[in-house]
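Residue numbers (the working numbering), protein chains in the order written: chain Y, 1 to 348; chain H, 1001 to 1528.
Treat the hints as calculated values from the structure; they're not laboratory data.
Only true hints are included.
Just some of the chain Y residues that point at chain H, by a computed CB distance under 8 Å:
(1) A11
(2) A18
(3) G22
(4) L26
(5) E125
(6) E152
(7) R164
(8) H166
Glycine residues also receive a C-beta, built at the ideal position from the N, C-alpha and C atoms.
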Amino acid sequence: MKTKKKSAVLATLAWILAVAAGLWLLTGLLTPKYMTDIQEGALIAEYYKEKTDHDVVFIGDCEVYENFSPDVLWREYGVTSYIRGSAQQLIWQSYYLLEETLKYETPKVVVFNVLSMKYDEPQSEPYNRMTLDGMRLSPAKIGSIRASMTEEEDMLSYLFPLLRYHSRWGELTGEDVTYWFRRDIVSDSGYLMNVGTRPAENVPEGAPLADYRFSDVCWDYLDRMAELCAEHGVQFVLVKAPSLYPYWYDQWEEQIEDYAAEKGLPYLNFLELIDETGLDFDTDTYDNGLHLNLYGAEKLSRWFGAWLAENTPVEDRREQPDYAEIWNEKSAVYAARQARLEAERDAA
Amino acid sequence: MSFASARFLGFLAVLFVLYYLIPRRHQWKLLLAGSLFFYWFAGWYCLIYIGVTAVTTWLAGRKVGSLLERQERYLAEHRAEMSREERKAYQAAARKVRFRWMMACLLLNFGILAVVKYAAFVVENLNGGLALAGAPGLPVPDLVLPMGISFYTFQAMGYLLDVYRGKYPAERSLGRFALFVTFFPQLIQGPISRFNELSPSLYAEHEWDSRQIAMGAERALWGLAKKLIVADRLAIPLRALVAEPDKYQGVYVIAVIFLYAVQLYADFTGGIDITIGVARMLGVQVTENFERPFFSKNTAEYWRRWHITMGTWFRDYVFYPMSVSKPILNLHKKAKNWLWGFGKKLSVYLCTIILWFVTGIWHGASWNFIVWGLLNGVVILVSQSCEPLYAKFHAKFPRLKGTFGYRLFEVARTFWLMGLIRVLDVYRDVPLTFRQVGTILTSFHPSVLWNGSFLELGVTAGDWVVAALGGLAMLGVSLCSRSEPLWPRLTDRPNLARGFCAALILLTLVFGVYGIGYDATQFIYNQF
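Pulled out of the complex, with its shape left as it was, chain Y reads as follows:
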């Protein structure tokens, strides 16, 4: 009798394990891979594959992962850096990513792009997913999910992504099978390379707003980021990337300038440094001025690298073998990617 009971319990446990294994396999199959299309979705998770720490960490939205090239910072200044950015990354998502990053490493400088100050409430579920799904499970991730969820979303589907992506069974492609158990690295230290060129023409002026004041929620998260950096002895730098659109209002600029002055934080608005950086919006953007292409990003990074070397405690690590080995390897990948993308562009 006892043996019968024992075997029934064991059989039930075996079936529970089988269901769990099935759920794990199905989750892997049905979760979007972002390997060939909408690669932005893969950026956040790539950070965990990094082999070294970084002196500079960029935090922000597409204005950081499209506009700054960590490879240039390495090659020309020996600065190790990484971009923790994702599409339409909201300021609370940036805060929680910073909190999480500081658990893994303590950089010397954190660079935050201020465009997300314009959003004071959750925006879109697909963008939330691209930022949050890639994060490892942690209190920071839970906090970020809580702050980011739109009305239609729920925590459970973030913890068990199958609940969100189960309906993809009808859209599965070869990519889902190829990348079922692995992922390629699609970025270069968080930088998403684009070699196309589409000049900026007729950039629209910003429409007048009823209220130009940034919301208290955004100021609160900006304060928290500044405090977090101060607690960890990290220099906090504010930047506004040189994207011509979305329009950056003078009234917004004034508020950020006042804030930076009040807190004693460096603030660089690259829209006002176009000549200094040498950017040319006829050749250095791939989407009419929204984002820089590779050539624009390299120009901007070259200038910014010099600024970092002069104004922050970053080190030139090119002579340090541990770093040099890893970063030279990264540079080779970067160069190969550039060559491949340019060949594809020229063939098209």
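Let chain Y serve as the given structure and place chain H on it in line with the hints.
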């Protein structure tokens, strides 16, 4: 809190664990607390409605029950001293007193139901009449319908009527009676249980019974799969087909009839499977509400096998009492010689039509439900009246009746006939429904079946395949349950049962229609 929600699963898991951990004498109290908590999610005001019904019915039941006891005791004690006439007179007088108490409670509770469910419908129709007369309309009340009010009101009133008839004694404990009214698995969409059938297992102390729990879990998972994979998937094209009636006519209307039959079956029986399964996991035996209704060979049989507890409720508490009521008996006496003997059936016809009118309006306060009910009544009466003709036909072709082909014909005939009437529930507009059904004859374009039009209704070819396979699985389970219930047989093969549950969990999680991108669909019978 829908059965098909993570919140319900969480609630059930906590309740289930506590239920088998606490001392068994407190199990019913936990069920009551859980049921009130479950109902609170529908809105705190709902607790007031159900509370009034539970308390007033309990009080009336106690009063009627004690009056009956006292009257019977008096009769027993004074039997020898009283003549037969005196005893009869005493019984009649005593019944009158009990009747008044019972009626007061019935009027109050059916009154609440009438006001919250039918006031707007009555005022809207009155306003229609007033508008014709050029008079200003009355304000239409905008009352929120408490969840499951039709079900728990009927269940509670059924109890009171049984106590009045002396079928069983009144429940002494208000808490226990409140559990009978609010028992959460059956609160949303029935079945409408009888007190004497539900209460023994509801109040009993239950120890852990792996077999019962496994059987309940299998049944509940099967119900959830039917709801999420089939019913909610078919709801998408049905919404599209009904939203543009001018565009979707002819063959599309046939599709609506067929798809709605399958959707409603999957939705309603899915919900009942969850109810029965969850209750069984807690050791409570809830009455079956379906007996493979789509295998019925005629309308009357269909109604004996579909929503069984509602049908028997109306039969026992409306049809039978009405048939033997004084006005109907008087009518029968007067009319039996009218129209060459046809009049002797008049009282039955009248009772049947009234029964189906009430059944129709129970489903909803709108003309489509009234017409739906009346049509059912008419079809049943016509079928009964044609029985001599059928008998003649079968006497002429005696071999036909038992054949598989003829049985299949009867099943298909009943399925489509009921579907044709049921379509009133889909369009929710009587003239529109008749117009749409008429287009089957006037705009019949079968090419839409293969020209890809059905892929423009919000679902993909893959969805149609999943729905079809789900439908076939439901048919398979029905066929397997023909000779004896499937669930005990499945549970007796533990590894098969575990595999069945594992497959259902995975299939429902992947192919279920839930989450972002889908409109979560409430159970259809919730609204009744």
